[in-house]
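Top line first, the protein sequences correspond to chains A and B.
If you read the first sequence in this note's numbering, its first letter stands for residue 1, the second for the next number, and so on.
If you read the second sequence in this note's numbering, its first letter stands for residue 1001, the second for the next number, and so on.
Calculated from the structure, these hints are not laboratory results.
Please read these numbers as outputs of a predicted model, since none were measured by experiment.
Some hints could be false.
Just a sample of chain A residues kept apart from chain B, beta carbon distances all over 12 Å, derived [what the hints assert, rightly or not]:
(1) T31
(2) L60
(3) S68
(4) P235
(5) C255
(6) A263
(7) A273
Below, computed lysine-lysine pairings styled on DSS-like, alpha-carbon distance capped at 27 Å [said to hold, decoys possible]:
(8) K1049/B x K234/A
(9) K1024/B x K1356/B
(10) K1118/B x K1049/B
(11) K1080/B x K234/A
(12) K1080/B x K1049/B
(13) K1180/B x K1356/B
Some residues of chain B that are not near chain A, with every Cβ distance over 12 Å (derived) [said to hold, decoys possible]:
(14) W1019
(15) V1121
(16) I1145
(17) H1181
(18) E1254
(19) L1271
(20) A1288
(21) A1292
(22) A1299
(23) M1300
(24) T1301
(25) G1384
Note that CB positions come from ideal geometry on N, CA and C, so glycine has one too.
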Amino acid sequence: MDLLPTEEQQQILDTASNYLGNEFPVQALLTTAQRPRLNHDQLKQLAGMGWIGIGLPDTLGGVGYGLSEEALLFAELGRYLMPPSLVGSVLAARTAAVRGHDDLAHAILDGTLRVAIATQQSSAPATISPTVTGNFLVFEAEGADYIMLTDDGGAALVALSDLQQVSQERCMDPTLDLTCWRGDNTTTTCFVTADQDAIFLRGTVLISAMLLGIAEATLQRSVDYAQAREQFGKPIGSFQSIKHYCAEMSIRCECVRAMLYYASITLQQQPSAGPLDTSSLKALAIDAAQENANTAVQIHGGMGYTQEMDIHLFVKRAQVLESLFGSERFHLRQVLSAAAPP
Amino acid sequence: MNLDFTEEQEQFRERVRDWLEENKPQESRPEDSAEGRAFDLAWQKTLYKGGWAGINWPQEYGGQGFDTFQQLIFLMEYAKSRAPGDHYRFNGLNLAGPTIIACGDEQQKQTYLPPILKGDVIWCQGFSEPGAGSDLASLKTRAVIDGDDMIVTGSKIWTSWARFADWQQLLVRTDPDAPKHKGISWVINRMDNPGMEIRPIHDMAGGTDLHEVFYDEVRIPVKNIVGGINNGWKVSMAQLSFERGTAFMPSQIETWNRMEDLLHLANQTRLEDGRLAIEDDHIAYQLAKMRAETRSLLAMTLMGISRNERTGMPGPEGSMLKLFQSELYKRISILSLQIVGAERSRLSGMASEWPKMFLGSFANTLGGGTSEVMRNIIGERHLGLPK
Ligand SMILES: Cc1cc2nc3c(=O)[nH]c(=O)nc-3n(C[C@H](O)[C@H](O)[C@H](O)COP(=O)(O)OP(=O)(O)OC[C@H]3O[C@@H](n4cnc5c(N)ncnc54)[C@H](O)[C@@H]3O)c2cc1C
């Protein structure tokens, strides 16, 4: 038993973190165009480093690591506000590969094809089966070829050209493109049931990892600011109300990181504990990201309320990520009905 | 990153499980304090005879010298079997004993360690004073050297189990002129020493295990100082190095057990309006949230243990787990009152364990460092925020 990254895993994490820090600093979003966060060439570059196929077995054309490595990578992607459509790419490659669409999987794995990610509109539930019907709110459809649609019953990969665009929307998160699309008994390119492969639960883990990245990034910014900003002749971090906010934020990070590691293992090894752990993880990750980001605004004072700092981007992203792969309420329902693990 | 145990470790788990199944007391621990003491000592004797006493103590002092994973497995199985908690045995096994192992001289080790493991004695801790709670280092109980003895005068408060204890780890001020952390000594004191007066305090949960202890020119041999005169602050910090992640295993599993019991209760208990408690959205939401948090407590404990294993040092997880667990436990107990409804007022009868848990839960966010002090420690030592 060892619930920390191995040396090899730590290396994956460090490499990702360094690369993202150099190529995709969050600061850049304050001065340059905020969209797209990831253009076609950049996606190909990430794909070239094996990031899309990192958790896919090599027999299926992937890099051959597992969900734990994928989760480590996505925590870093979340920290750098990289688009959640990357989760779409990872799951799409898996769905295609599991279904034997090797060429399609390959084109997704090398970044040739772009995949968007969607959530159902809460007012009108959709059906996701070998055909899809209903309205979907789609992130990053701009320039995408496919779209990944999932719910707890299964996962569908659909060509965007087979769906109809209903509208262009404004996204709360200015770094993301948001549109509304409709399917009407639309045939999917491939469909995998939850029993065949836990695509939805894997996506839940990866989105949770991105939420952890937000929770940690906003903690780090808050601690730095609390040390630097002075009022009443001392750093605001010496005031207990600020210090105790930070302490609570750091516990949330510890809690979600531990749960992320734990669930990334149990989902692969103990299918019976998978749903309890994965849903616990997502519920806790949503809470941590949102509480930490929202608290970070308060700690930064008036500056936190402006677009001159990046805090607002994390606040907004934390909301977007709750809408993908099940809300807090959805996952808490699952937590409540899950059987106790052995 | 893995949750695997070796085949050898799994065999060890079997051995622990079987032994506990056969040997754990069948009756529950008596509520009466004197009977509780007898019960605890008897159980310790059974553990000793079975070869399970002092799982984290080195073998040369009669302990089992288990490695971290064996300790972890033992504690998991122990808690799962719902064998009795440490109760009065806590201090000797987890605080005084380990401190003597770390800082005591040979004579002290020979004299004081074996009786703890054999279940002959109970220890208590005389640290806090009326004027020195969170600010422990401001303690005033004075010890004046007089030949081979110290003469101790002052008072302690919140001494758990004092009137049922045989020995005590006591912090006294041996140098009133030194800076406050530098003039303290850690000494061993007999609880039947002349000049002491012990008065029980009634706690809000109805217990009388807390005490005030008064010292009026009490003579304690100088040779009972552990770790050197005026070195007591460092000695008491040495205890912390024993508080590796495994120390949290029992309370983590206890919290999980209570959580699962409460979930079970919510599936059976009807509210005033006839619905099952679990069907109430507000209750369901909170139950689910706390179940998720309780699950993460296990993951946090294991991550903490892994970190200790790698660095050999206790990390920030100690304060984090203490704070997280004690606050969560309190919230679970408060939620239970909503589920038992009007039964909340009854301290007798079937559902009384829940209001009792509620009353008792306040102890954990105070004792062993308050939640606020834990947040200070996390903010200052772990995050590096200024004092
Ligand atoms: C059930 C129980 C068992 C105990 N057993 C023992 C025992 O066996 N031996 C022993 O020696 N002691 C024991 N204690 C004492 C325990 O360690 C103290 O109660 C604890 O350290 C707090 O001290 P205090 O009660 O004086 O509260 P105070 O220190 O007076 O605190 C009062 C309030 O002020 C807050 N506060 C204090 N300082 C700060 C600060 N710097 N920043 C922010 N907030 C602050 C506290 O958090 C608390 O809310 C026990 C206590 C309990 C409740």
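Here is what the structure says about each hint:
1. Look at T31/A: its CB is around 29 Å from the nearest CB on chain B, clear of 12 Å, so calling it non-interface holds up.
2. Here L60/A stays apart from chain B, with its beta-carbon at least about 22 Å from theirs, past the 12 Å limit.
3. Some Cβ of chain B comes within 12 Å of the Cβ of S68/A; the nearest lies about 5 Å off, and the non-interface call is violated.
4. The Cβ of P235/A does not lie farther than 12 Å from every Cβ of chain B; its closest approach is about 5 Å, which violates its non-interface assignment.
5. Residue placement check: C255/A does not keep its beta carbon more than 12 Å from all beta carbons of chain B (closest about 5 Å).
6. Distance check for A263/A against chain B: the nearest CB is about 8 Å away, which does not clear 12 Å, and the non-interface claim fails.
7. Some Cβ of chain B comes within 12 Å of the Cβ of A273/A; the nearest lies about 9 Å off, and the non-interface call is violated.
8. At roughly 59 Å between alpha-carbon atoms, K1049/B and K234/A are farther apart than 27 Å, so this suggested pair is violated.
9. This hinted pair checks out: K1024/B and K1356/B have alpha carbons roughly 24 Å apart, not beyond 27 Å.
10. For a cut-off of 27 Å, the pair hint linking K1118/B to K1049/B stands: about 8 Å separates their Cα positions.
11. Restraint check for K1080/B and K234/A: not satisfied, since their Cα atoms lie roughly 49 Å apart, outside the 27 Å limit.
12. In summary, the hint linking K1080/B to K1049/B is supported, as the alpha carbons are separated by about 21 Å, within the 27 Å threshold.
13. For the hint pairing K1180/B with K1356/B, the CA-to-CA distance comes to about 39 Å; that exceeds 27 Å, so the pair is violated.
14. The beta carbon of W1019/B is kept farther than 12 Å from every beta carbon of chain A, the shortest such distance being approximately 20 Å.
15. Even its closest Cβ contact with chain A, about 35 Å, leaves V1121/B beyond 12 Å, as expected for a residue assigned away from the interface.
16. Even its closest Cβ contact with chain A, about 40 Å, leaves I1145/B beyond 12 Å, as expected for a residue assigned away from the interface.
17. Every beta carbon of chain A lies more than 12 Å from that of H1181/B, the smallest distance being close to 21 Å; the non-interface claim holds.
18. No beta-carbon of chain A is positioned within 12 Å of the beta-carbon of E1254/B; the least distance is around 15 Å.
19. Even its closest Cβ contact with chain A, about 16 Å, leaves L1271/B beyond 12 Å, as expected for a residue assigned away from the interface.
20. With a least CB separation of 4 Å from chain A, A1288/B falls inside the 12 Å interface cut-off, contrary to its annotation.
21. With a minimum CB-CB distance of about 4 Å to chain A, A1292/B fails to clear the 12 Å threshold, and the non-interface call is violated.
22. Here A1299/B does not stay apart from chain A, with its beta-carbon only about 4 Å from theirs, under the 12 Å limit.
23. Not every CB of chain A is more than 12 Å from the CB of M1300/B (nearest about 4 Å), against its label as outside the interface.
24. Residue-level check failed: T1301/B sits 8 Å from the nearest beta carbon of chain A, not beyond 12 Å.
25. Not every CB of chain A is more than 12 Å from the CB of G1384/B (nearest about 7 Å), against its label as outside the interface.
When each numbered hint is compared with the structure, violations occur for hints 3, 4, 5, 6, 7, 8, 11, 13, 20, 21, 22, 23, 24, 25.
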